[in-house]
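Protein chains in written order, with the numbering used here: chain A, 1 to 113; chain B, 1 to 115.
Quick caveat, the hints were computed from the structure, so don't treat them as lab data.
Glycine included, each C-beta is placed from N, C-alpha and C at the ideal position.
Don't take each hint at face value.
Unchecked claim - Interface residues of chain A toward chain B, partial, derived using beta-carbon atoms under 10 Å: (1) V13; (2) S51; (3) G60; (4) F65; (5) K68; (6) A70; (7) F89; (8) A91; (9) Q96; (10) A97; (11) F103.
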Amino acid sequence: DQQVKQNSPSLSVQEGRISILNCDYTNSMFDYFLWYKKYPAEGPTFLISISSIKDKNEDGRFTVFLNKSAKHLSLHIVPSQPGDSAVYFCAAISNQAGTALIFGKGTTLSVSS
Amino acid sequence: DGGITQSPKYLFRKEGQNVTLSCEQNLNHDAMYWYRQDPGQGLRLIYYSQIVNDFQKGDIAEGYSVSREKKESFPLTVTSAQKNPTAFYLCATRPAGRSGANVLTFGAGSRLTVL
Numbered sequence: 001d002q003q004v005k006q007n008s009p010s011l012s013v014q015e016g017r018i019s020i021l022n023c024d025y026t027n028s029m030f031d032y033f034l035w036y037k038k039y040p041a042e043g044p045t046f047l048i049s050i051s052s053i054k055d056k057n058e059d060g061r062f063t064v065f066l067n068k069s070a071k072h073l074s075l076h077i078v079p080s081q082p083g084d085s086a087v088y089f090c091a092a093i094s095n096q097a098g099t100a101l102i103f104g105k106g107t108t109l110s111v112s113s
Numbered sequence: 001d002g003g004i005t006q007s008p009k010y011l012f013r014k015e016g017q018n019v020t021l022s023c024e025q026n027l028n029h030d031a032m033y034w035y036r037q038d039p040g041q042g043l044r045l046i047y048y049s050q051i052v053n054d055f056q057k058g059d060i061a062e063g064y065s066v067s068r069e070k071k072e073s074f075p076l077t078v079t080s081a082q083k084n085p086t087a088f089y090l091c092a093t094r095p096a097g098r099s100g101a102n103v104l105t106f107g108a109g110s111r112l113t114v115l
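Kindly generate the complete structure, drawing on both the sequences and the hints.
Written as structure tokens, this is what we have:
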């Protein structure tokens with residue numbers, strides 16, 4: 001059973017507009033969440049993260065929002081740029097349980113100019 | 001040049017052959033991981049090791065084996081028992097301790113194709 005779900009396989013956005021990528025999780029033990037960006041034939045690179053004690057974390061054009069009661073997080077990219085076109089993975093971990101990162105299936109973002 | 005080195009980048013294997021993928025790191029990270037990426041499947045955990053001479057199975061360990069004899073190295077062997085080995089394999093590391101301990105650093109990956 002998937003513990004981290006990214007229900008939208010793809011998203012298309014125009015340059016300059018906002019991109020919103022969504023992620024849901026089922027395990028209430030998760031206490032840290034991360035977003036990774038991946039280009040084809042490369043390893044994922046870390047983008048931004050958020051602890052479960054916060055509801056928002058911002059880094060430049062990237063903001064992650066966490067809604068613990070809904071077990072939902074989202075990544076906002078504004079303004080979107082063509083170079084943002086990539087696969088975005090949501091990941092979660094339970095530090096208490098000491099397990100490895102669990103990844104979602106990814107959302108492919110396409111930003112058109 | 002610090003980081004994670006995965007080799008080979010591309011590998012072709014005949015059915016029934018074992019193959020070993022190399023992962024070497026000079027980040028002095030304690031934990032090392034192997035993930036597999038398939039189209040539409042995201043990243044799935046094969047094996048991980050939090051300390052030398054110890055490792056745990058991930059979600060899809062069947063048909064794979066690992067060793068962790070040195071802190072710097074975590075090779076993955078894809079055996080003939082793995083039914084569908086064609087995939088993109090990613091090695092990752094994580095430091096111990098609280099600072100940045102949740103962030104995995106990934107290598108560039110190895111593409112294995114079974115002919």
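Status of the hints after comparison with the structure:
Of the supplied interface hints, the one on V13(A) is violated, with its beta-carbon coming no nearer than about 21 Å to a beta-carbon of chain B, more than 10 Å. Interface hint at S51(A): satisfied, since its Cβ lies 9 Å from the closest Cβ of chain B, which is below the 10 Å cut-off. Given the 10 Å rule on beta carbons, the hint for G60(A) is violated: about 17 Å separates it from the nearest Cβ of chain B. Annotation: F65(A) was flagged as interfacial toward chain B, and the flag is violated, the nearest CB pair being 18 Å apart, outside 10 Å.
Because the closest C-beta pair between K68(A) and chain B is about 17 Å apart, greater than 10 Å, the hint is violated. Restraint check, A70(A) versus chain B: the minimum CB separation of about 21 Å is more than 10 Å; hint violated. Evaluation of the F89(A) hint against chain B yields a held restraint, the C-beta minimum of about 6 Å falling below 10 Å. Given hint, A91(A) at the interface with chain B, holds; its Cβ is 8 Å from that chain's nearest Cβ, closer than 10 Å.
Given the 10 Å rule on beta carbons, the hint for Q96(A) is violated: about 12 Å separates it from the nearest Cβ of chain B. The interface hint given for A97(A) is broken, as the beta carbon of that residue sits about 12 Å from the closest beta carbon of chain B, more than 10 Å. Taking 10 Å as the C-beta cut-off, the interface hint given for F103(A) holds, the closest approach to chain B being about 4 Å.
Hints 1, 3, 4, 5, 6, 9, 10 from the list above are not met by this structure, while the remaining hints are.
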